[in-house]
Every structure is written in C-alpha cells, then in structure tokens.
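Residue numbers (our numbering), protein chains in the order written: chain X, 1 to 368; chain S, 1 to 108.
Since the hints were derived computationally from the structure, they do not count as laboratory data. For each residue, glycine too, the CB sits at the ideal point set by N, CA and C. Hints are supplied without guarantee of correctness; some may be wrong.
Unchecked claim - Pair by pair, the computed Cβ-Cβ distance ranges are:
{"no.": "1", "chain 1": "X", "residue 1": "Thr41", "chain 2": "S", "residue 2": "Leu5", "range": "46 to 54 Å"}
{"no.": "2", "chain 1": "S", "residue 1": "Glu55", "chain 2": "X", "residue 2": "Asp341", "range": "24 to 32 Å"}
{"no.": "3", "chain 1": "X", "residue 1": "Asp341", "chain 2": "S", "residue 2": "Leu5", "range": "54 to 62 Å"}
{"no.": "4", "chain 1": "X", "residue 1": "Ile343", "chain 2": "S", "residue 2": "Arg51", "range": "52 to 60 Å"}
{"no.": "5", "chain 1": "X", "residue 1": "Ala307", "chain 2": "S", "residue 2": "Arg71", "range": "54 to 62 Å"}
{"no.": "6", "chain 1": "S", "residue 1": "Pro69", "chain 2": "X", "residue 2": "Glu164", "range": "52 to 60 Å"}
{"no.": "7", "chain 1": "S", "residue 1": "Tyr79", "chain 2": "X", "residue 2": "Asp96", "range": "35 to 43 Å"}
{"no.": "8", "chain 1": "X", "residue 1": "Glu101", "chain 2": "S", "residue 2": "Asp85", "range": "48 to 56 Å"}
{"no.": "9", "chain 1": "S", "residue 1": "Pro69", "chain 2": "X", "residue 2": "Asp274", "range": "58 to 66 Å"}
{"no.": "10", "chain 1": "S", "residue 1": "Pro69", "chain 2": "X", "residue 2": "Ala98", "range": "49 to 57 Å"}
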Amino acid sequence: MDSAVPTPLALIAELTHRCPLHCVYCSNPMELDQRINELPTDAWARVFREAAQLGVLQADFTGGEPLARPDLVELVREARAAGLYVNLITSGLPLDEARLEKLVEAGLDHLQLSFQGARAEIASEISGTATHAQKLRVLKWLSRHRVAVTLNFVIHRRNMEQMEEMLAIAEASCATRVEFANVQYYGWAFANRENLLPTREQLDASQEILKRAQERLRGEMRIEYVVPDYYAKFPKACMGGWGRKLMLITPSGEVLPCHAARVIPGIAFENVKDRNMREIWELSPAFQKFRGEEWMQEPCRSCERRAADFGGCRCQAMLLVNDAAATDPVCSLSPNRNKVDAILEGVAKLPAMVEVAKTEWLYRLNSA
Amino acid sequence: MTPDLNSRPRLAAGCRLNDAKQQPRVLLMPERALRLLGPSLGIVARCDGRRTVREIIGELQKIYAKAEPQRVESDILGYLELLNDQRALDFIADDNSSGGSTPSAASI
Chain X
1 MDSAVPTPLA
11 LIAELTHRCP
21 LHCVYCSNPM
31 ELDQRINELP
41 TDAWARVFRE
51 AAQLGVLQAD
61 FTGGEPLARP
71 DLVELVREAR
81 AAGLYVNLIT
91 SGLPLDEARL
101 EKLVEAGLDH
111 LQLSFQGARA
121 EIASEISGTA
131 THAQKLRVLK
141 WLSRHRVAVT
151 LNFVIHRRNM
161 EQMEEMLAIA
171 EASCATRVEF
181 ANVQYYGWAF
191 ANRENLLPTR
201 EQLDASQEIL
211 KRAQERLRGE
221 MRIEYVVPDY
231 YAKFPKACMG
241 GWGRKLMLIT
251 PSGEVLPCHA
261 ARVIPGIAFE
271 NVKDRNMREI
281 WELSPAFQKF
291 RGEEWMQEPC
301 RSCERRAADF
311 GGCRCQAMLL
321 VNDAAATDPV
331 CSLSPNRNKV
341 DAILEGVAKL
351 PAMVEVAKTE
361 WLYRLNSA
Chain S
1 MTPDLNSRPR
11 LAAGCRLNDA
21 KQQPRVLLMP
31 ERALRLLGPS
41 LGIVARCDGR
51 RTVREIIGEL
61 QKIYAKAEPQ
71 RVESDILGYL
81 ELLNDQRALD
91 FIADDNSSGG
101 STPSAASI
C-alpha cells in the first residue's frame, strides 16, 4: 500500500441515470447509462463494504433519481451495515410516506431535497416536469421522521430573485441546512449556459441575501452557498483535489474522480466489477493522472495557491481550452481567463429576465 | 447562543458518532465529519438527552481534575455552542422551566 495516497472521505453513488425530471442543468453526462447495465444490489453492497474498509465515511446516493431504484431501501440498509453514513440526494419523486418511513427505518441519515425554484412555474420550466407540489408534500412528511434534512436550491439567472422565498420555504420546514448551489457549467448546463449564467449584479445581490440570512439564522440553520466559479478570482478546489477525497461510481460501475471526468479524452476508467475499490483508488491510472502536482503547468506549478485549489477543475480546463492539464481558465492568473471574460461580457448584455416562451432550453433526455 | 446549564443536549437528527470499533472516532453529520479527540469525544458522548449541560460539566471537571474547573466549563460551553452552530445538537429545555421541550425535540 502506498502511504502517500490520501484516504477518500466520501463515495458518490450514482445508482441510476433514470429520472422523472429533465433539468436543463443536470450533472449527468450527455451519454446516459441504461437500466440494463446498472449494478445489481449485491454489487453495490460489496462496493460499500470495500469503500468503508478503505476509510470512506459517507455515501452520497444520487442519480439520476435514486428513488427510481426499487431496491433503494435495501441499498440504504447495506450501506449502513458497512458502517457508512447515508445521504440521499433526491427530487422527491416518486415517493410516498410509507416508503420514506422504510428508508428512515433502514438507517437513512440525511435527505437532501432538491428544488428548482420557490414557485411551481419556474420549477416546471427548469425540470420539464410538474414537481413543486410533490416536494412540498415530501417536506411535510419529513417533519414526522427522524432524519436530517437539507433543502438544495439550484440557483441561476432565472430564479435568483426568488432566494428570499426559497428561504421562507426552508424556515417553515424541518430542514436544518440549506444549500444555495449555483449551477456548475458541465454537461447539460454547459449546453444551456447562455440562459443560466447570472449577471454580476444578481450574484452580488444573492451574496447580500446570503450574508443576512446566515447572521439571522445562526444556530438554527446552516446555510451554505456554492459560487458560480466563472465569476471567481480563483478556481474551486474541485472535488477537494483530483483523487484526494472523493470518488464517484456510475450506474454501470465505472469509478471516476468526478462527475464530469468522462469529458477528458484518453483516460480509461476501471469498473468495480473487475477490481476492488482499494486498488482502483490507489493504483488506477485514472486516479493517478492528476493526483499530486507533477502534471501541473505554469502558472500552477509555481503558484503558492496550488495546495489550496489544486489548479482548479480539470474538466473545466478541458471544456474551455481543450487541455485537461491547463490551469483552470476561471483563474485570474490563467493565460486563458479572457475566454471566460468573453462569456461573461455576453451575459452582461442579455436582459436578466427572458420571457419563458423565448428561451430555447435543451432538456436532459431520459435513459432507456 | 450560550447553552442553558439546565438544558439537556442531544445529537440532532442525522448526527451520530461512528461505530466504537472504527478509528478515528468522528461525529458524522450532513456533508461533514468532525474528528473527535480526547475531551471532545467525552463531551459528544455525553450529549444523550438525559444529562444536563451542568452535569456534563461536573463529570468532565472530575475527569480533568488537574485543569482549572472554570476553564473546563468555558471550554465545554464553547464547544457546545460550536456544535450548535453546526446544527449538530438539540437542547431539550429543563422540564421545570416555562419553555417545555423544544419544538425540534417535540416533533420526534
């Protein structure tokens, strides 16, 4: 065992790519895994045990929509039995209170309910489905069960003005944590970028609301905020650094360092069906590719921030400048920052609110 | 918020210690894990909804008898406040006080 390899903290389990929603910013790849290729229950159970032995503390069940798996209760039970803390990241569809109760009984620790806005109209437009009323029903059921609840509001140009209303929904619920997550621009979101990127004014206003809410609700609710990094001065420490803290398993069992890693050409990802988790984490070329600092180019290589942000996001470098080893172009020190600035200048010229009928969304497709 | 000495702290929903066989001991909570060393484990393990803050302080003052008692008390209160800011604790109010139990405790 190589002692220089860090211990992963969390396992992101994409249980399925199937989903009743069609969100225009979905983080799933454009090429979705099919149901017939999904890992069966016992394969996931083995993955949870191997992950726990490797030192992983938490499992994030996500998708697609994890509720689309008929064996979800069993998967929660298996992950808990392996010693993991179980998070369920869900849209709340399809769910009824009896199934929620079974999930909690099986050991679900934390449920993260995603919202597309504070009102039904925007939620329907963004998700291409009528979902808002169901989410409010799920919130009511949650107040009757012992499980931690986070409300996750995905924010962007079209719904940022609703942040106060989103807070009101959270305050009226049993949630102890709220996440305002700006859309990150990969996959479907990258394709819909022009219609989603907020303006600088919107961003500043949202951060004012955030600051006031955090002060007012201190000790009652944890409020977190994910910035849209196109506006940042320095890049995000994407995934806490490549192959340092997180690993993601796709519905068919491929092990990835992040959600979007498949956009990087020339990397072969290993599958849990062929090798155990420790070997994949420690030895697979995919995890070693951007681990450490050897791969870095200037200005990262000699930058004093390199141990804080690890050069930013490899997939973003790939998407924007076609070189996965380049400094993340959102960084103000990147020679390619002008590409991001040009995108933002385009956004500044657009009106903040576009009429629904005039927006041409590319809706996420569903997997077979 | 400084915790009320007569309230009984307990871990909030979705916050729990990992298994006693696992090392290091950590407090697991939504999107976070807090590593617990010596005194912090002693505090968290006593947040069981039965002991009052005052009792927790008393027990730890005996265990850390060499430390200044006032210092032990202020460290514990500071740590409980930090955990509360993380929403890792619910404080069940003293039964004899006018407040009754907290809403979060009552809903369980």
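Cross-check of the supplied hints:
Restraint check, Thr41/X to Leu5/S: a C-beta distance of roughly 49 Å satisfies the suggested window 46 to 54 Å. The hint said 24 to 32 Å for the Cβ distance between Glu55/S and Asp341/X, and at roughly 59 Å that hint is violated. Separation of Asp341/X from Leu5/S is about 56 Å and conforms to the stated range, judged on CB atoms against 54 to 62 Å. Between Ile343/X and Arg51/S the CB atoms are about 56 Å apart, so this pair conforms to the stated range of 52 to 60 Å.
One distance hint, 54 to 62 Å for the beta-carbon pair Ala307/X and Arg71/S, is violated here, with the actual separation near 35 Å. Judged by the Cβ atoms, the range 52 to 60 Å given for Pro69/S and Glu164/X is violated: they are separated by roughly 46 Å. Between Tyr79/S and Asp96/X the C-beta distance comes to about 40 Å, which sits within the given range of 35 to 43 Å. Judged by the Cβ atoms, the range 48 to 56 Å given for Glu101/X and Asp85/S is violated: they are separated by roughly 31 Å.
Look at Pro69/S against Asp274/X: about 59 Å separates their beta carbons, and that is inside 58 to 66 Å. The supplied range of 49 to 57 Å is met by Pro69/S and Ala98/X, whose beta-carbon atoms lie about 52 Å from each other.
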